[in-house]
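Visitor: Each chain, letter by letter, is given below.
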Amino acid sequence: MPLRIVMAKVGLDGHDRGVKVVARALRDAGFEVIYTGLRQTPEMVVDAALQEDAQVIGLSLHSGAHMTLIPAVVEELQKKKAEDIMVFAGGIIPEEDITELKKIGVAEIFPPGSPLQDIVDFLRERFPEEAAAPA
Amino acid sequence: MKVRYDQGSREDGIETSTISGVPVKPLYSSDDLDGYQEELPGEFPYTRGVHPSGYRGRLWTMRQFSGFATAAETNRRYHYLLKAGQTGLSVAFDMPTLMGQDSDAPTSRGEVGHCGVAIDSLADMETLFDGLPLGTISTSMTINSPAAILLAMYLAVAEKQGVPLSAVSGTLQNDILKEYIAQKEYIFPPEPSMRLVVDSIEYCAAEVPKWNTVSISGYHIREAGSTAAQELAFTLADGFAYVDACLERGLKVDDFAPRLSFFFDAHIDFFEEIAKFRAARRIWARHMRERYGAQNPRSWQLRFHTQTAGVSLTAQQPELNIARTALEALSAVLGGTNSLHTNAMDEVLALPTDKSARIALRTQQLIAYETGAANTIDPLGGSYYVEALTRELEEQAEAYFAKIDELGGVIPAIERGFFQKEIADAAFRYQTELEQKRRVMVGVNGFLVEDEEELEILRIDRGQEQGQVERVRDVRAKRDSARWSKTMTQLGKAARSNDNLMPYILDAVRAYATEGEIMGKLVEAWGLYTEQAVI
Chain L
0 MPLRIVMAKV
10 GLDGHDRGVK
20 VVARALRDAG
30 FEVIYTGLRQ
40 TPEMVVDAAL
50 QEDAQVIGLS
60 LHSGAHMTLI
70 PAVVEELQKK
80 KAEDIMVFAG
90 GIIPEEDITE
100 LKKIGVAEIF
110 PPGSPLQDIV
120 DFLRERFPEE
130 AAAPA
Chain C
0 MKVRYDQGSR
10 EDGIETSTIS
20 GVPVKPLYSS
30 DDLDGYQEEL
40 PGEFPYTRGV
50 HPSGYRGRLW
60 TMRQFSGFAT
70 AAETNRRYHY
80 LLKAGQTGLS
90 VAFDMPTLMG
100 QDSDAPTSRG
110 EVGHCGVAID
120 SLADMETLFD
130 GLPLGTISTS
140 MTINSPAAIL
150 LAMYLAVAEK
160 QGVPLSAVSG
170 TLQNDILKEY
180 IAQKEYIFPP
190 EPSMRLVVDS
200 IEYCAAEVPK
210 WNTVSISGYH
220 IREAGSTAAQ
230 ELAFTLADGF
240 AYVDACLERG
250 LKVDDFAPRL
260 SFFFDAHIDF
270 FEEIAKFRAA
280 RRIWARHMRE
290 RYGAQNPRSW
300 QLRFHTQTAG
310 VSLTAQQPEL
320 NIARTALEAL
330 SAVLGGTNSL
340 HTNAMDEVLA
350 LPTDKSARIA
360 LRTQQLIAYE
370 TGAANTIDPL
380 GGSYYVEALT
390 RELEEQAEAY
400 FAKIDELGGV
410 IPAIERGFFQ
420 KEIADAAFRY
430 QTELEQKRRV
440 MVGVNGFLVE
450 DEEELEILRI
460 DRGQEQGQVE
470 RVRDVRAKRD
480 SARWSKTMTQ
490 LGKAARSNDN
500 LMPYILDAVR
510 AYATEGEIMG
520 KLVEAWGLYT
530 EQAVI
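Chains L and C, in that order, give the protein sequences.
Counting in numbering that gives the first Met the number 0, the first sequence runs from 0 upward without gaps.
Counting in numbering that gives the first Met the number 0, the second sequence runs from 0 upward without gaps.
By construction, these hints were calculated from the structure, which means they are not laboratory data.
The C-beta atom is built at its ideal place from N, Cα and C for all residues, glycine as well.
Please note that the accuracy of each hint is not assured.
Claimed, not checked - Which bits of chain L does chain C cover? Going by a derived footprint, with three or more residues having C-beta under 8 angstroms, they are: (1) 7-20; (2) 40-47; (3) 72-85; (4) 97-106; (5) 109-116.
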C-alpha cells in the first residue's frame, strides 16, 4: 500500500498555493494524497484521516493561528486514540514556534522556502516500506 | 534596420524567459517597435500614465497596509506611521473579520488579531480611528465578503466625527470575484455576492462620491501563484465583469467607472512588471471607451495601488528582502503606480515590527527623493524591450479574455475551476523551475549561509484574544436591544428583496449590531458557497 496522506488547511485562511504545490509534488512522488480543501476544523481533519485510513496528516497555515490549531489537531488525535497518525506542517511558522510544536509531537515543520524534495525525502525516510510500494 | 543577433541561452543555464514564460531575446532593437506610435501621458490610451504631469504634479501615495491585535494597538501604529511621513491609511483585518465572524465565534479561536486587527462592531471601529480626522485622511480597507459592513462602520465613524459623507475618501477592496479565483475568502455564492458589490457601488455613487468602491485586485491572484500575464488578464476580466453587473443594474457607465480602481502585485521580474502596469492602463482604456462607450476620461483611466510581492520574500537571510522590495517598488514607480505598499523584510515570518515597518516606508521615500526616478514621466516609454513586452502582455491578456468569453464569462469560468487550475499549474511550474535550479532565489536554492541569524519578530500576545472576546460580549450586553432587533429584522427582509442593502446595513451598524450578526442574517437569506478543491 502506498503511503496515504491527508493534506489540509486548518483555520480560516485561504492561502492555498503552498498546500496545493506540496500536494501535487507528493502525488507525483507516488504517495496517495487526499486534499480536504479549505477551512477545516481540527475535528474535521482528524475524522478525514481516520476515514481515509491515512498514516500522515499534512497541515498548512498562514494566518498566525498555528500555535492554537496545530496543538488542537494533536489533541484531537489523542482523544480519538489515533496518535499513530503522523502530523507535519508548513507555512508561516517562526523558528521558536517550531521548537515548541515539535515538543508536543509534530514530526516536522517546513517553513517558507523549503524544497519540495526535502518533504518527499522526509516522508520516504519515515515510511520506507510504503514509499517503495507502487502507487 | 534589421538586427541579427545570436539567440543563445545563458551560459550558466538559468532560464531567460520572463516568469510568465515570455521568451526574452538577448537584444531588442527598433525592429521590435514595428507599428509603434508616439503616446503622451495623460492621454488616451494612457500607456504612459494617467497624469500629464506624472509624479512631478503629485507623488504616489505611500500607503502601508497595517493592522494587528486590537483596535487600540493598531490605532497607535497608525499615529506612528503618519508621524513617520506616511500619507494614507490602509487597514489589515484579522481572519475572523475577513470571514465575517465575531471574535467569540468557535472557529475564531486562535485567529483573533493575528494577521490583522479584530473588528467586531462600530465600537472597535471608533477606537481604530480615534484621533484620526476622516475628513482629511484617506483610508483603504482590505476586506471583501463583508466589505459593505466595514464600509458602513467607517461611514458611521465619520458621521460621529461630524464629517459629511461627501468629504469621506478612501478605497474598499470589495473585490469578491478574485476571492473565488484566488484568495478564497468567499462566504456567499457568487450571485448574491455580486449584488452586494453593486449595492455598495450604487450607494456610493449617490452618497459618497469620493469613495473608490472596488479595488479590483490582481495581487492575490499573483500571490496564489499566477504569472504576470494571468494576473493582468484575470484582474481586468474581473473589472469588466463588475462593469457588466452595474450596467445590468441600470447604472450609467460614467456614473460608477471613475471610482473603480485596481491593485497589482510588483513581483521580482523587473521589466515584465513594468510592462504589465503599462499594458493594464492601455487595455482598460481601450475597452472602456470602445466596448463600453464611456465618455468621461476618468472612466478610461486605470488608477492602481501596488504592493510588492509577499511571495518573493524569503525566510532565509531575510535582510535580503529589503533589497527585493526596493527593486519591486522601483518597478511599480517606473510603471506609474498611484499608490504603493512596500513589504517589510520580516513579513515572511510575522507581521512587521515598528522598525521593519519604518524601513519599508523609508524605501519608498528613498525612491521618491534620492533616486530621481520620480522626476521624469514613464522613463522607459519607447524602450525597445519594454514596449515589446507591453505589447506581448496585452496580446496574452486579450487571448485570455477570448478564452473566458468562450467559457461564458467570469462566474461560469470560476464555477468550472478554470482560473483555479491555471493558477495552480503556474505555481507548480514555477516551483519546479526553482527545484531544478533553472531559476534562482538567493538564499533559498543558491547562495546559502550555514548559520542563519534569527530576526527579532513581532509577537502577538495570545492573551489579547480573550480581551477582544470580552469586548464584543460587552457591546452586545450594553446596546439598545430593541433598536438592534428592529434593524436586524429589517435587514433580513431587505436581503430577500431587491432593495439596496447599504442603508439597512448602516442602520444595523449604528445600532451596534456585530459583523457576525449581520453576516448571519445575510447567510440565512443567501446560503454559503463551497468550492470543489482542485490540485
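Visitor: Next step is simple, just say for each hint if it's right about the structure.
Guide: Now the hints, each set against the structure:
1. Evaluation of the coverage hint for the segment 7-20 of chain L: fulfilled, as 9 residues show C-beta separations to chain C shorter than 8 angstroms, against a requirement of three.
2. Given as covered by chain C, the segment 40-47 of chain L fails the check, having 1 residues with a CB less than 8 angstroms from a CB of that chain where 3 are the minimum.
3. For the segment 72-85 of chain L, the stated coverage by chain C is violated: 0 residues have a C-beta nearer than 8 angstroms to a C-beta of that chain, whereas at least 3 were required.
4. Coverage of the segment 97-106 of chain L by chain C is violated. Counting CB-CB distances below 8 angstroms, 0 residues qualify, and the rule asks for three or more.
5. Taking a C-beta to C-beta cut-off of 8 angstroms, the segment 109-116 of chain L contributes 6 residues in contact with chain C, enough for the three needed, and the coverage statement holds.
Against the hints set out earlier in the document, violations occur for numbers 2, 3 and 4.
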